[in-house]
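*Asks:* Residue numbers (our numbering), protein chains in the order written: chain G, 32 to 146; chain D, 19 to 130.
If you are wondering where the hints come from, they were derived from the structure by calculation, not from laboratory data. Do not take every clue at face value.
Far from chain D by the CB rule (all over 10 Å, computed), these chain G residues [to be verified]:
| # | residue |
| --- | --- |
| 1 | V35 |
| 2 | K44 |
| 3 | R46 |
| 4 | H49 |
| 5 | S58 |
| 6 | H60 |
| 7 | Q72 |
| 8 | S96 |
| 9 | R98 |
| 10 | F100 |
| 11 | P101 |
| 12 | A111 |
| 13 | S117 |
| 14 | L121 |
| 15 | T144 |
Simulated crosslink set (SDA-like; lysine to any residue; CA at most 25 Å straight-line) [as the list claims (entries may be wrong)]:
| # | chain 1 | residue 1 | chain 2 | residue 2 |
| --- | --- | --- | --- | --- |
| 16 | D | K70 | G | V69 |
| 17 | D | K21 | G | G89 |
| 18 | D | K21 | G | G71 |
| 19 | G | K61 | G | T36 |
| 20 | D | K21 | G | K83 |
| 21 | D | K21 | G | N90 |
| 22 | G | K61 | D | G68 |
| 23 | G | K44 | D | Q60 |
| 24 | D | K21 | G | Q72 |
| 25 | D | K87 | G | R86 |
| 26 | D | K21 | G | R88 |
| 27 | D | K21 | G | T134 |
| 28 | G | K61 | D | Y50 |
| 29 | D | K87 | D | I66 |
| 30 | G | K61 | G | E82 |
| 31 | D | K70 | G | G127 |
| 32 | D | K21 | G | R86 |
| 33 | D | K70 | G | Y136 |
| 34 | D | K21 | G | L119 |
| 35 | G | K61 | D | N48 |
| 36 | D | K70 | G | R88 |
| 37 | G | K61 | D | Q63 |
| 38 | D | K21 | G | A111 |
| 39 | D | K87 | D | Y50 |
| 40 | G | K44 | D | S59 |
Just so we're clear, the structure is a prediction, and the values are computed from it rather than from any experiment. No residue lacks a Cβ here, since even glycine has one placed at the ideal position from N, Cα and C.
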Amino acid sequence: DAGVTQSPTHLIKTRGQHVTLRCSPISGHKSVSWYQQVLGQGPQFIFQYYEKEERGRGNFPDRFSARQFPNYSSELNVNALLLGDSALYLCASSRGSGGRTDTQYFGPGTRLTVL
Amino acid sequence: DAKTTQPPSMDCAEGRAANLPCNHSTISGNEYVYWYRQIHSQGPQYIIHGLKNNETNEMASLIITEDRKSSTLILPHATLRDTAVYYCIVRVSGTSGSRLTFGEGTQLTVNP
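Next comes chain D alone, as it looks inside the complex:
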């Protein structure tokens, strides 16, 4: 499994953009990068995923570097409700199934 590295914690002011980095230097060419978040003791919530192009949806934007060794999740206007643990995951799939391998994630705290 390709491993990911994320900072353990980050702070962001309410209304500002939150930029969450992720390193995945061992990613394979056909593996996707997924982002989930987990608000205290709830089930993880899917945010966005991408392969090599930048992606945007109603929740966030995902910027993947050209060499695909790192990515950044951008929450354009963070609110207090965005306080959560954010997980960057490289998707493993194949004959053995399609498991998500979670790391420790980044605890994002949005401050008023």
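Next up, chain G with everything else stripped away, as it sits in the complex:
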């Protein structure tokens, strides 16, 4: 079975632009989470979606938004890009709504560079 896939792999944008990142979960998984990883730090939680509804949000500004589609794929949108948004954006999928043993599996990430 295919793992979590993300597109694009790399992306270069300029300040003020917006960006859309995409994620396809593992088949059968209904939950998708997004994380931001700045160079030298561990990933930071941005959003979790389950059955198209937001189930959790991290400490990120409103410039960050996401949605989940009926096929459980997801998009992360970032508006008015800042230099500090340069990071590896990770998507993780899991089966359910977040029980204590609901393991998250990560995709390879999208490397966003803001110039």
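Fit chain D to the given chain G structure using the hints.
*Replies:* Below, chain D alone, put in the same frame as chain G:
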């Protein structure tokens, strides 16, 4: 969120066991300990998780102390490909979702 403390770096000789410690003294009774690793610029890879009993899978073993305040991830025969950052995470779940809170992790370097 229960916080975890890990040494910033460790070295291990190839073929020897790598023992990675983690302190989670504020863990709640129903929270699980998860371990992930991240090889340079790739997505984190799930390794193993446990509640209070020792766990073993094809990748590693997880030893959790009886008071659950600390744990050790054991890679029985480390190889060069095990060089990575290893994250110990206490799983938070509830009505607000099930986020993983990553710390700084331990950079494990396996030397030939």
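*Asks:* If a hint holds in the structure, say so; if it doesn't, say that too.
*Replies:* Okay, the hints, checked on the actual structure:
A cut-off of 10 Å between C-beta atoms contradicts the statement that V35(G) is not in contact with chain D; the least separation is 7 Å. Look at K44(G): its CB is around 19 Å from the nearest CB on chain D, clear of 10 Å, so calling it non-interface holds up. The beta carbon of R46(G) sits about 23 Å from the closest Cβ of chain D, which is more than 10 Å, so the claim that it is off the interface holds. H49(G), annotated as away from the interface, keeps every beta carbon of chain D farther than 10 Å; the closest lies near 24 Å.
Interface exclusion of S58(G) from chain D stands, the closest Cβ pair being 17 Å apart, more than 10 Å. The claim that H60(G) lies off the interface holds: its Cβ sits roughly 13 Å from the closest Cβ of chain D, which is beyond the 10 Å cut-off. Remark: the non-interface label on Q72(G) conflicts with the geometry, its nearest Cβ contact in chain D lying 7 Å away (cut-off 10 Å). Look at S96(G): its CB is around 16 Å from the nearest CB on chain D, clear of 10 Å, so calling it non-interface holds up.
Against chain D, the non-interface label of R98(G) holds: every CB pair exceeds 10 Å, the least being about 15 Å. In this structure F100(G) is separated from chain D by more than 10 Å, as the shortest Cβ-Cβ distance comes to about 18 Å. For P101(G), the condition that its CB be more than 10 Å from all CB atoms of chain D holds, with the nearest at approximately 20 Å. Every CB of chain D is more than 10 Å from the CB of A111(G) (nearest about 25 Å), matching its label as outside the interface.
Listed as a non-interface residue, S117(G) keeps its Cβ farther than 10 Å from every Cβ of chain D; the least gap is roughly 13 Å. Separation of L121(G) from chain D is inadequate, the least Cβ-Cβ distance of about 6 Å not exceeding the 10 Å criterion. The non-interface label for T144(G) is consistent with chain D: the shortest C-beta to C-beta separation is roughly 13 Å, beyond 10 Å. A distance of roughly 33 Å separates the Cα atoms of K70(D) and V69(G); the hinted pair therefore is violated under the 25 Å criterion.
Taken as a hint, the K21(D) and G89(G) pair is honoured in the structure, with Cα atoms around 16 Å apart against an allowance of 25 Å. This hinted pair checks out: K21(D) and G71(G) have alpha carbons roughly 19 Å apart, not beyond 25 Å. This hinted pair checks out: K61(G) and T36(G) have alpha carbons roughly 14 Å apart, not beyond 25 Å. The straight-line distance between the Cα atoms of K21(D) and K83(G) is roughly 30 Å, outside the 25 Å bound, and the hint therefore fails.
Straight-line distance between C-alpha atoms of K21(D) and N90(G) comes to about 17 Å, which keeps the hinted pair within the 25 Å bound. Annotation: proposed proximity of K61(G) to G68(D) holds, straight-line Cα distance about 23 Å (limit 25 Å). With a CA separation close to 21 Å, the supplied pair K44(G) and Q60(D) stays within the 25 Å bound. Distance restraint check for K21(D) and Q72(G): the Cα-Cα separation of roughly 16 Å lies within the 25 Å cut-off, and the hinted pair is therefore satisfied.
Between K87(D) and R86(G) the alpha-carbon distance is near 29 Å, which puts this suggested pair outside the 25 Å criterion. Between K21(D) and R88(G), the direct Cα distance comes to roughly 19 Å. Compliance with the 25 Å bound is thereby established for this hinted pair. With a C-alpha separation of about 19 Å, the suggested pairing of K21(D) with T134(G) holds against the 25 Å cut-off. Using a Cα cut-off of 25 Å, the hinted pair K61(G) and Y50(D) holds, with the two alpha carbons roughly 21 Å apart.
Between K87(D) and I66(D) the alpha-carbon distance is near 17 Å, which keeps this suggested pair within the 25 Å criterion. Of the supplied pair hints, the one linking K61(G) and E82(G) holds, its CA atoms being roughly 6 Å apart against a limit of 25 Å. Under the criterion of a C-alpha separation no larger than 25 Å, the hint pairing K70(D) with G127(G) is consistent with the structure, at around 23 Å. Restraint check for K21(D) and R86(G): the C-alpha separation of about 22 Å stays at or below 25 Å, so the hint holds.
About 22 Å separates the Cα atoms of K70(D) and Y136(G), which keeps this hinted pair within 25 Å; it holds. Annotation: proposed proximity of K21(D) to L119(G) holds, straight-line Cα distance about 23 Å (limit 25 Å). A C-alpha spacing of about 24 Å is found between K61(G) and N48(D), which places the hinted pair at or below 25 Å, so the restraint holds. For the hint linking K70(D) to R88(G), the alpha-carbon distance of about 29 Å lies beyond 25 Å, and the restraint is violated.
The hinted pair formed by K61(G) and Q63(D) meets the criterion: a straight-line CA distance of about 19 Å does not exceed 25 Å. A threshold of 25 Å between alpha carbons decides the hint, and for K21(D) with A111(G) the separation of about 33 Å lies outside it, so the pair is violated. For the proposed pair K87(D) and Y50(D), the alpha carbon gap of about 12 Å is at most 25 Å, so the pair holds. A hinted pair counts as satisfied when its Cα atoms are at most 25 Å apart, and K44(G) with S59(D) qualifies at roughly 20 Å.
Consistency with the previously given hints fails for numbers 1, 7, 14, 16, 20, 25, 36 and 38, ordered from lowest to highest.
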